[in-house]
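Please model the entire structure based on the sequences and the hints provided.
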Amino acid sequence: MIIFGTSSKLVQLAMLNLLCGFCGNPAAQALRKRVTKFSLFFIPLFPIAPAKHSLQCTFCGAHTEISRESAEQLLAQSTAPVGQPGPQQGMGGVPQQPGAQSGNPFAGRQPQNPYQS
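Residue numbers for the sequence shown follow the numbering used here, so the first one is 1 and each next one is one higher.
It should be emphasised that the hints constitute simulated quantities derived from the structure, not laboratory data.
There is no bait here: all hints are sound.
The calculated lysine-lysine pairs, modelled on PhoX-like cross-linking and capped at a C-alpha distance of 25 angstroms, are:
{"id": "1", "residue 1": "Lys37", "residue 2": "Lys9"}
{"id": "2", "residue 1": "Lys37", "residue 2": "Lys52"}
{"id": "3", "residue 1": "Lys33", "residue 2": "Lys52"}
{"id": "4", "residue 1": "Lys52", "residue 2": "Lys9"}
{"id": "5", "residue 1": "Lys33", "residue 2": "Lys9"}
Have a look at the derived ranges for each label pair, beta carbon to beta carbon:
{"id": "6", "residue 1": "Asn25", "residue 2": "Leu75", "range": "20 to 28 angstroms"}
{"id": "7", "residue 1": "Ala14", "residue 2": "Cys60", "range": "13 to 21 angstroms"}
{"id": "8", "residue 1": "Ile2", "residue 2": "Ser78", "range": "40 to 48 angstroms"}
{"id": "9", "residue 1": "Ile3", "residue 2": "Thr79", "range": "36 to 44 angstroms"}
{"id": "10", "residue 1": "Phe59", "residue 2": "Ile3", "range": "39 to 47 angstroms"}
We treat Cβ as the ideally placed atom computed from N, Cα and C, and that holds for glycine.
Here you go:
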């Protein structure tokens, strides 16, 4: 009797601070990679499908599939030296709004006093 099947492994590559495309909050995004392999006698042998990369928002839980190139670009930006921050992007590789590039979602807005008439 031969026992065979598939097994999946989910690897977290990085935690990135990005603007979520669903909830609009600047929150931590988990960059993950899923690899599916053929298994023989419960031993994973070789990949049967290309790796799938995804981002998951820690605020709202939204899950988005992204391309391998986008994942590599985000990973390279996250490992950039502290003095050279890369441009922040939103979920799925979409650039943030111009006011939110400083990391502050309220940048560029005028403070409002609700008690002022």
